[in-house]
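Keeping their order, the protein sequence lines are chains L and U. Each residue of the first sequence is one higher than the one before, counting from 1 in our numbering. Each residue of the second sequence is one higher than the one before, counting from 1 in our numbering.
Among the clues, some could well be false.
[Stated by the list, open to error] Computed Cβ-Cβ distance ranges for the label pairs, DEER-style:
(1) Thr247/L / Arg226/U: 30 to 36 Å
(2) Thr17/U / Arg255/L: 45 to 51 Å
(3) Gly59/U / Asp156/L: 14 to 20 Å
(4) Lys160/L / Leu110/U: 45 to 51 Å
(5) Asp73/U / Thr277/L: 34 to 40 Å
(6) Glu118/U / Arg157/L: 35 to 41 Å
(7) Leu161/L / Ala28/U: 40 to 46 Å
(8) Ile107/U / Ile85/L: 42 to 48 Å
(9) Ser21/U / Asp276/L: 36 to 42 Å
(10) Thr27/L / Glu29/U: 27 to 33 Å
(11) Thr27/L / His70/U: 29 to 35 Å
Derived by calculation from the structure, the hints in this document are not laboratory data. The beta-carbon is built from N, C-alpha and C at its ideal position, and this holds for glycine as well.
Here are the chains, one letter per residue:
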Amino acid sequence: MMREMPDGATDDLLRVQNLVVSFPGATRAAERIEVVRGLSFTLARERLGIVGESGSGKSMTGRAILRLIRAPGRVAATRLQFDGIDLLALPERGMRKLRGARLSMIMQDPTFSLHPIMSVGRQIGESLSLHESLSRRERKQRVRAMLEAVRIDDPDRVAKLYPHEISGGMGQRVMIAMMLIARPDLLIADEPTSALDVSVQASVLQLIDDLVTERGMGLVLISHDLSLVARFCDRILVMHRGQVVETCIASELHRARHPYTQALLAAVPRLHETRDTLPVLERDDRMST
Amino acid sequence: MNAALDVHELSVRYGRTEVVSDATFAVAEGESVALVGESGSGKSTILKAVLGLAPDWSGRIEVFGKARGHRPDPKVAQRCQMVFQDPYGSLHPRKSVDAALAEPLAIHGLRDRDARIEAVLDDVGLDRRFRYRFPHQLSGGQRQRVAIARALILAPRLLLLDEPTSALDVSVQAGILNLLKRLRAERGLSYLLVTHDLPVASFLCDRLAVMQRGRIVEIAPVATLREGDFADPYARQLYAASQVGGVEGHSA
């Protein structure tokens, strides 16, 4: 699991302090809407899960760390540090060197995140050629091995296909392959397996897990799937309306004390379901998308 | 037994590939059956064949005792409607909720459109202010309610549900699952539900059919999910994969 580290600030792979992400209000006079409101956490080389409903600010947190939020959105923080590098002060060029190489993010929606007119194999290879110098042959082999690792049975055929020719689940695996091929130090995975069925999901998670345990990668897993996060992560942050309402050890999630977390847990159907209706949370419509 | 849907030795092809092979099962009137299995196992294809969206099939498909042909059949459409997985993709972006709901009524030449639209919106728990909104003004859960309303407006007796909640997060999912359960009880609907989420099948269904590579390998009552004593090795594997640890194991 977690690597043994001597005490001290520099061991943390990621330090986030008082992160605020805001967007302009509906009218010019209206106040800015804060979608992440003063979030703080640190991440060692471990698996951290962030759960919450849509609109709770989970994905915005992930994007803010990679500095992917564009104007008119605004990101502010007392501290946003990756492996000792101040991400807020880094020029865009430096940021581009980190992204995809040391810092990667698996986006939620493969159909919008893949380049529509570039073959799958080339897209995966591209992230390698940007950050490593490899011969064409080596690159092709790495791509092939990566596609196999995400359980694509026929990698040579699939590498030649274009995004519209593959299914959603396959697209998500391609996306995962693309993000993992450069072997990043920190992976932010935003609902990485929501389009995959259980058996493929298990092998993709295993692959991510290997990178965490063998290579000491840090993982932020953003998901609304509570049971997935509970069984896969070390620690969990529960977010609600842009703030962390509860932090707990993943295996202790079922003992969560905060009423919001308890309500979330109760809304999930169970394998041996006996309830006639599931409890539904009251949602704040302002925050929903 | 009166069957809402009777599928006998159904095989479906896309081009040269056979996607579903020899599927035989039935959904009794008022019953809810789940098709589970990994993606690519042919679950959704069965729904499409029943609906007439996958015309290259052989075997027999009977909807309420009437065999369907290979062409689009308005009589089948009136008794059997589908709710799709993705509420973002299944509604026309430039048509208001009102227009989306009026279209099936116009196609089938039904009168009282106004009253029917109001009634169906009420049934799915959307109040009147949603009637003239466009899909981009709705949340995912609200869109899925519109998609369910669109399916219900022809008053079908059988609903085909293709992963109706997999694009939604837990609390919204709970609302939609409750809605589907209530509608079924109130109207005596029959459901054929495709899902890869076994707990969802457990909440909504009476029986489940496990599919692997285009074949139905086992049909069992949902009570089997309590013990996991499936006969087929693949079904057991699927059960084990969704059972590992998690919130579930502790709270039971």
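Do the hints match the structure? See the list:
1. Thr247/L / Arg226/U: 30 to 36 Å: Roughly 34 Å apart at Cβ, these two residues keep to the hinted range, so it holds.
2. Thr17/U / Arg255/L: 45 to 51 Å: 49 Å, holds
3. Gly59/U / Asp156/L: 14 to 20 Å: 35 Å, violated
4. Lys160/L / Leu110/U: 45 to 51 Å: Given range 45 to 51 Å: holds, Cβ gap about 49 Å.
5. Asp73/U / Thr277/L: 34 to 40 Å: 36 Å, holds
6. Glu118/U / Arg157/L: 35 to 41 Å: 52 Å, violated
7. Leu161/L / Ala28/U: 40 to 46 Å: 42 Å, holds
8. Ile107/U / Ile85/L: 42 to 48 Å: 60 Å, violated
9. Ser21/U / Asp276/L: 36 to 42 Å: 37 Å, holds
10. Thr27/L / Glu29/U: 27 to 33 Å: 54 Å, violated
11. Thr27/L / His70/U: 29 to 35 Å: 56 Å, violated
Going down the numbered hints, you'll see the structure goes against 3, 6, 8, 10 and 11, while the others check out.
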